[in-house]
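**Student:** Heads up, the sequence shown is in the working numbering, so the first residue is 2 and it goes up one at a time.
No lab work stands behind these hints: they were computed from the structure. Note that the structure is a prediction, hence the values are computed from the model and not measured. Hints should not be assumed to be uniformly reliable.
[To be verified] Result set (SDA-like, lysine to any residue): computed pairs, CA atoms no more than 20 Å apart in a straight line: (1) 109 / 85; (2) 23 / 10; (3) 179 / 236.
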Amino acid sequence: MRLFRCAACDQLLYFENRRCEKCGHDLGYIPQANALVPLEREGDAESSVWRAIGRGGEQRYRFCANAALDACNWLMPAEEEGEFCLACRHNRTVPDLTVPENLRKWRKVEVAKHRLVYSLLRLNLPLESNEDREGGLCFEFLADAPDGSAPKVMTGHDEGLITIALAEADDAEREHRKGELGELYRTLLGHFRHETGHYYWNRLVRDAGRLQAFRALFGDETEDYGEALQAYYANGPKPDWQMNHVSAYATAHPWEDFAETFKHYIHIVDTLEMAGAFGIRVQPRLDRTGELGAEVDFNPYRACAIQQMVDSWLPISFALNNLNRCLGMSDAYPFILGPGVIEKVGFIHSLVHRQVEADPVPETVTEEVPPGRGENAADAPEGSPIAAVA
Numbered sequence: 002m003r004l005f006r007c008a009a010c011d012q013l014l015y016f017e018n019r020r021c022e023k024c025g026h027d028l029g030y031i032p033q034a035n036a037l038v039p040l041e042r043e044g045d046a047e048s049s050v051w052r053a054i055g056r057g058g059e060q061r062y063r064f065c066a067n068a069a070l071d072a073c074n075w076l077m078p079a080e081e082e083g084e085f086c087l088a089c090r091h092n093r094t095v096p097d098l099t100v101p102e103n104l105r106k107w108r109k110v111e112v113a114k115h116r117l118v119y120s121l122l123r124l125n126l127p128l129e130s131n132e133d134r135e136g137g138l139c140f141e142f143l144a145d146a147p148d149g150s151a152p153k154v155m156t157g158h159d160e161g162l163i164t165i166a167l168a169e170a171d172d173a174e175r176e177h178r179k180g181e182l183g184e185l186y187r188t189l190l191g192h193f194r195h196e197t198g199h200y201y202w203n204r205l206v207r208d209a210g211r212l213q214a215f216r217a218l219f220g221d222e223t224e225d226y227g228e229a230l231q232a233y234y235a236n237g238p239k240p241d242w243q244m245n246h247v248s249a250y251a252t253a254h255p256w257e258d259f260a261e262t263f264k265h266y267i268h269i270v271d272t273l274e275m276a277g278a279f280g281i282r283v284q285p286r287l288d289r290t291g292e293l294g295a296e297v298d299f300n301p302y303r304a305c306a307i308q309q310m311v312d313s314w315l316p317i318s319f320a321l322n323n324l325n326r327c328l329g330m331s332d333a334y335p336f337i338l339g340p341g342v343i344e345k346v347g348f349i350h351s352l353v354h355r356q357v358e359a360d361p362v363p364e365t366v367t368e369e370v371p372p373g374r375g376e377n378a379a380d381a382p383e384g385s386p387i388a389a390v391a
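All chains, full assembly: derive it from the sequences and hints.
**Tutor:** This is the structure:
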């Protein structure tokens, strides 16, 4: 994430700002330009058309329909069909917003979702909705039944449909679940990035013919998913998992390993962009080796070298964790990037920037099936992972 500047008064702005507190202008985000702009209304006070200050004044915009609910600050071309912006057009189901508590939680969910879509757009990843393509990316945000008459909503992914449990927007409830599951980290934004990782496994691995390269690093995804999750929750992570897995949950199944790694890749890229925007430079005075020095003088959203990103991330996360401890808070990034993890993050980086070639097409299909593989091949699950967390 980057910092923004008000073109009317030079005030620094944050991504979620809807009004410049210095000059008083309404603000709107133009995703196509990655710009948060001050606005002037065209016509009288009832007009829904706006012009951006400092951008020539030729383009006319209107706000996403969710702006009226204080849940979105993204703009659309005034002449564009539809009610919703590039982020909100992916919403398939929202909770009953006449319930005040649902509305409050949904707004928090939307903050995380917009940050997710910001990253996906900046990485130029395929971003079709269900309207564009069957199996496109869409979200449903569901509240638990107030009377407990139905099972609790589970956060998960199924062929492009990502369900987010509205209860995750309640900080106390999310911390409770984090403790129950023994997790080091649990956030709304993390849920979005993880579940979206499953979607991009579909698009960038399965559908793009890159299973061989994936399996070489993450393992065989045809392993029974349900049984693997049961084994994980019964026995915990595999021994020495930190060397090759970014989190304990990543050990549960290759699909989860990919989704967790994808999540952390976006964590790293987006945080490094913000560190660069602030001009953060890390150079501990007591470090005589120079290994903990870092300066983000590159754009992590571009196809830069993965080692450059990692070399900057490790010192910055080390500094971030120590600053948190000074405030009596838990580490902001309580994870270890072992050699195997870094290799997997590099795979995600290459995949995102389309640098991983598709699997070679076999020259013949008359090979004998190796002993013991025929039954497994017949039982191999088709489609994408259906992942859920409690």
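**Student:** All hints are to be evaluated individually against the structure, with a verdict given for each.
**Tutor:** A quick look at each hint next to the structure:
no.: 1; hint: 109 / 85; in the structure: 18 Å, holds
no.: 2; hint: 23 / 10; in the structure: 7 Å, holds
no.: 3; hint: 179 / 236; in the structure: 18 Å, holds
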